[in-house]
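Engineer: Using the sequences and the hints, build the whole thing.
Number of protein chains: 4
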Amino acid sequence: MAKLKIAVLGATGMVGQRFIAGLQNHPYFELGVLAASERSVGKRYAEAAKWYIEGDIPKDVASMRVELIDKKVIRDYGIDLAFSAIPAEIAREVEGSFAQEIPVFSNTKTYRMDDDVPLMIPEINPGHFDLIKAQQKKRGWKGYIITNPNCTTVGFALPLKPIYDALGVDWVTLTSMQALSGAGYEGVPSMAIVDNIIPYIGGEEEKCELEPLKILGSISAGKVKNADFKVIASCNRVAVLDGHMISTVVGTKKDFTVEDVKEIFRKFKGEPQKMKLPTAPDPAIIVRDEDDRPQPRRDRNAGGGMAVTVGRIMKKQERVLRFTSLSHNTIRGAAGASILNAELAYKKKLL
Amino acid sequence: MAKLKIAVLGATGMVGQRFIAGLQNHPYFELGVLAASERSVGKRYAEAAKWYIEGDIPKDVASMRVELIDKKVIRDYGIDLAFSAIPAEIAREVEGSFAQEIPVFSNTKTYRMDDDVPLMIPEINPGHFDLIKAQQKKRGWKGYIITNPNCTTVGFALPLKPIYDALGVDWVTLTSMQALSGAGYEGVPSMAIVDNIIPYIGGEEEKCELEPLKILGSISAGKVKNADFKVIASCNRVAVLDGHMISTVVGTKKDFTVEDVKEIFRKFKGEPQKMKLPTAPDPAIIVRDEDDRPQPRRDRNAGGGMAVTVGRIMKKQERVLRFTSLSHNTIRGAAGASILNAELAYKKKLL
Amino acid sequence: MAKLKIAVLGATGMVGQRFIAGLQNHPYFELGVLAASERSVGKRYAEAAKWYIEGDIPKDVASMRVELIDKKVIRDYGIDLAFSAIPAEIAREVEGSFAQEIPVFSNTKTYRMDDDVPLMIPEINPGHFDLIKAQQKKRGWKGYIITNPNCTTVGFALPLKPIYDALGVDWVTLTSMQALSGAGYEGVPSMAIVDNIIPYIGGEEEKCELEPLKILGSISAGKVKNADFKVIASCNRVAVLDGHMISTVVGTKKDFTVEDVKEIFRKFKGEPQKMKLPTAPDPAIIVRDEDDRPQPRRDRNAGGGMAVTVGRIMKKQERVLRFTSLSHNTIRGAAGASILNAELAYKKKLL
Amino acid sequence: MAKLKIAVLGATGMVGQRFIAGLQNHPYFELGVLAASERSVGKRYAEAAKWYIEGDIPKDVASMRVELIDKKVIRDYGIDLAFSAIPAEIAREVEGSFAQEIPVFSNTKTYRMDDDVPLMIPEINPGHFDLIKAQQKKRGWKGYIITNPNCTTVGFALPLKPIYDALGVDWVTLTSMQALSGAGYEGVPSMAIVDNIIPYIGGEEEKCELEPLKILGSISAGKVKNADFKVIASCNRVAVLDGHMISTVVGTKKDFTVEDVKEIFRKFKGEPQKMKLPTAPDPAIIVRDEDDRPQPRRDRNAGGGMAVTVGRIMKKQERVLRFTSLSHNTIRGAAGASILNAELAYKKKLL
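Protein chains in written order, with the working numbering: chain C, 1 to 351; chain E, 352 to 702; chain P, 703 to 1053; chain U, 1054 to 1404.
It is worth saying that the hints were derived from the structure and are not from the lab.
Any given hint might turn out to be false.
Unchecked claim - Restricting the straight-line Cα-Cα distance to at most 25 Å, the calculated cross-link-like pairs of lysine-lysine (BS3-like) are:
no., chain 1, residue 1, chain 2, residue 2
1, U, K1322, C, K59
2, U, K1369, P, K1017
3, C, K109, C, K225
4, U, K1400, P, K1018
5, P, K707, P, K844
6, U, K1315, U, K1368
7, E, K667, C, K207
8, C, K316, E, K581
9, P, K811, U, K1369
10, E, K410, P, K978
11, P, K932, U, K1306
12, U, K1369, P, K909
13, P, K955, U, K1306
14, P, K1017, U, K1112
15, C, K315, E, K558
16, U, K1400, U, K1058
17, U, K1056, U, K1112
18, E, K618, P, K761
19, P, K1018, U, K1306
20, C, K316, E, K604
21, C, K349, C, K276
22, E, K604, C, K230
Structural biologist: This is the structure in structure tokens:
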């Protein structure tokens, strides 16, 4: 069966690169076109992009011509669906124009909180695909937009899901220690971060506080009804290349033992695991019993960068759980998240 | 008036070095003897210590002979009081033997939680000096032991104090991002921390959860009655040389505005500030309004390393306050804390 | 006697900041005006600059209004001389326009290799001030331009001088390991340098190979006759905040012992030391005997950031000397170098 | 055909770990026994070793029992050959006792400079296997010892080889910027290296200056006659996890163009490449044309960590070549080097 042809929108940035890496030899999808801003148009990809991933640019990709991000590429290249990592400022218009014709799986924040747009972690809320019909109807699109959450959200929302189901959640406080790649290649000057920490990442805390409520929400009448608990987030930048670490404290509704929680994490399987999707990590949540894990450098590539590693699981008082989680911010937290969403859509015949 | 003569116990380590640096040209105290373990005895200090503080070892200190940590030095050198940064394993015996004769200001954890031993941050609980009499009586000592808290505790307990007084405290969750120097010069291998974070520091979370309750406690019948709230701490090691950063969320009893809290912090003065003690920072708490402060490299030396810098002050919901604080872990969090305790004792004629 | 009024051109950058810091409480000079590009004009300095130096911006500087870099400020503010750290692209025109009226001490490369412009390290070639007359005559200026070398050049050229005088120099190979601040605050992305080295700094090797020959050159007929040896330079960027380290091998004309060389370094005094200029380090060259020195973090601030620290002095074969040197790249290698040049000019009544 | 059974001596250290990783699924060899010091004996490998390589310990290795380093394991486990990464202090006795019975491929320095012991880089001097007979005869061993060079030596000696053959070599100066893993997991405290460089690595410069002369030497009368040129080395430690970078300047006997040199490097093939040995990189020398390569993080894993990447190739004057090279210090510079030596021995029927 022929593979579906993909456009990568915003192909030269760090998430764009992860899309390209993640789509190498993919069983469902193949690269159709690499699209970027005017600055890069007409160049070979190897000239246009500052490749940051280990190893060299895949050879056939290196020589691909970069095209302008314009829905015209859909016809020109016979594109079936798009992955998007474009700047938020242009996403409303650009992603919308693509969605008029084809499905768009977007890593950009712009549409995330729209009523009729799924904000998906496929292990958590695959049912939110049900919004697609309402979305298409309301907007008059033949395609649709599926978004994935912020790179930090995914790292604690995924382990929160089975806790939420098994124990209930009253409140969450979390502190993130986030990697440099989350800000883009030029995002954090070395002068700012060597021997230092920056206790601020624009917009990040707000996303961490809102997004999980939508993701864990239920659908009724074509809309998401948010989950009903409170998140308080403190986000920090540290001198780590890849891998966001998050220290989380959760007030649960039911009491538990540490062993209960480890069991809950270990048993967790979402649809991607059950369906054995190509890039689904199994297990999705890796529990480490060592005192000093997870660590970014040791654990970020677990499950091909798609697993969330959880450690430091402790009961701090009755109905208060604490754990530390780690996930790869440009794979599970970005490109890999979109790809896994698309794989699930594929299997569900939504492509 | 003659200065009091000081013994530094554990003089070659990183906190010992900070004692030496902090006592240079001190108006009340002068170095009498540098004491260390057998390995160093008989060497000149410059040979025995791996000096880590910026600049070279003060010249007259470099040539001082290192003596064994033994209370015999009290007579031999005419010592009036001791500062201690010795290993916890030997502290009960060694600090006790010195306290039989002279006051000991200790940075070591061993005596901290003893009923009759003050655990002091002089801006918070100077009244705990009242325990000295009970301590001397119970133990038959002519001297006494005053301890200062763990390097992390001081960074959030100090800003917590005026909040506790003004608003009341129900619960606290905090996540620390701690500097390398806190583990000692050889404590954290570079292979462990470059491009990485370690989510574990032995014993640290327990200290952060217990110590503030004693420090904020009240005295009755010669004992400390602990403050009555709960602290949940997650402690992490990051690739920063000096300066512990802590992200704290506090449930208060009364509601507040952010401006209230800034005002509370800005107005705060403890006895060290009122008495203008030589190393007292003024203000003790520095409030930064910028989004991206405090930062370890920028703020650790504020107030000579004795101030706590607070930023990211936000109201997260009714009666929920969040802030980030930063303090120098080997100055305010260790040697400087002991010295400030001793300065207060001096002014109160307890030496 | 009234202090001379200074314009700092390019005041918001990292070298500009070092000019400001270096001129605080200076006995000869006082800040008259801070000039920068249009982006900053009209702002208070504290808004316009991202201050990177330890401690806060000096209070009176923080509130100064930033003016446009235009020679009109000379009249408006009664400026006596200018320090320049402006981009090379605009330096020819801008520095030239200021030099029509007042002396300009420039850290920018543009005029460095001009025949009639001194490229000065005041310990090495104070006699090059003699070019001023030829320069003024040729260009019709009332003022003049004095340049200082590249931040790396100074770190090996200064120790090379007494070797050159005492032993002669046939050839030099050097490898630099250069600090991040040399590239400007945003110059090196953290993604590029964490757990990494960059073996390339644009234009740096050429400067290191050419500049010392002019600096060590002699003047005849109003021109510099370059010194006659060959330099081969390899320049690398490493994850250090401040302080360029250079490993140098020198082929000398006369043979020597290691003790000879240490003695040559230790005895070295230039005019700044003899005249006790305000910011002259004394000694200018610090010799360290320890195996593991110099180190950037330990030695960069020696002599107020104006000394060059030399270690690893070894004789590798007959007439082949090897040493490692370390100097602060934005102080001795930039702003401090210009200020020391101006101090010497002041004492020689050239201002 | 049955695989040969391997003992790894010093299995818990960083090079030991690389031996284990490098022998996973090896076509000629299989792990027979893991041997370490008394401290580890009797533990499962997963308990005894602090695994530092990305990913977890291979499962079957994790549960292997660690044995004492004693030649008794040869019988007990039916061992055919040993790889050694034991401390230099015990190597003479221990490696010698194993060599009485079986071949030993050693990464330890102890036997390297012995007259009758090959110091091999199999691309350079495979002929030095001819020393084995003399060695066995002289020492009365049934086995023998083959050593590989210091981790830094290999990074410049390998590219030097084709230059030596094609152009001749008169002298070499080099400056290394070496990774942390070269010192062992606990070798470099983080306090020593964050925001810093250490210009000293004990014994390293001497090895870099001597070893290449033996490696490039010729054999006559059962002894190695050293190559006849002079190397001057300056070795530095930088904050990089893996990958030694070396900036080298070579005085050649014949003149050349940069293109000549690139061609010489690109064409280079040693016996391992010609014989397509399992871990032989092909090409052995990777030439990068970009200005800013090689870089440790980007290039250390090239060729499975076995290639040497060369860039910054420039002609600095007549018969003076400069280049920068990068190789993985615990793979090509240690365990991988020994394994490649053993593969060649295997193919040459010396096992």
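Engineer: All the hints need checking, so say for each whether the structure fits it.
Structural biologist: Status of the hints after comparison with the structure:
1. U/K1322 with C/K59: Between U/K1322 and C/K59 the Cα gap is close to 23 Å, so the pair holds against 25 Å.
2. U/K1369 with P/K1017: Status holds; Cα separation ~24 Å.
3. C/K109 with C/K225: Since the Cα atoms of C/K109 and C/K225 sit roughly 19 Å apart, the hinted pair holds (cutoff 25 Å).
4. U/K1400 with P/K1018: Cα-Cα ~41 Å, so violated.
5. P/K707 with P/K844: holds, 17 Å
6. U/K1315 with U/K1368: holds, 11 Å
7. E/K667 with C/K207: holds, 14 Å
8. C/K316 with E/K581: holds, 10 Å
9. P/K811 with U/K1369: holds, 22 Å
10. E/K410 with P/K978: holds, 23 Å
11. P/K932 with U/K1306: Given that 25 Å is the threshold and the Cα spacing comes to 18 Å, the pair holds.
12. U/K1369 with P/K909: Satisfied, since the Cα-Cα distance of roughly 14 Å is no more than 25 Å.
13. P/K955 with U/K1306: Within the cut-off at roughly 22 Å; holds.
14. P/K1017 with U/K1112: violated, 52 Å
15. C/K315 with E/K558: Satisfied, since the Cα-Cα distance of roughly 17 Å is no more than 25 Å.
16. U/K1400 with U/K1058: Judged against 25 Å, a Cα distance of about 16 Å means the pair holds.
17. U/K1056 with U/K1112: The hint holds at about 20 Å.
18. E/K618 with P/K761: Measuring from Cα to Cα gives roughly 21 Å; hence the hint holds.
19. P/K1018 with U/K1306: Holds, at roughly 21 Å.
20. C/K316 with E/K604: holds, 21 Å
21. C/K349 with C/K276: holds, 16 Å
22. E/K604 with C/K230: holds, 18 Å
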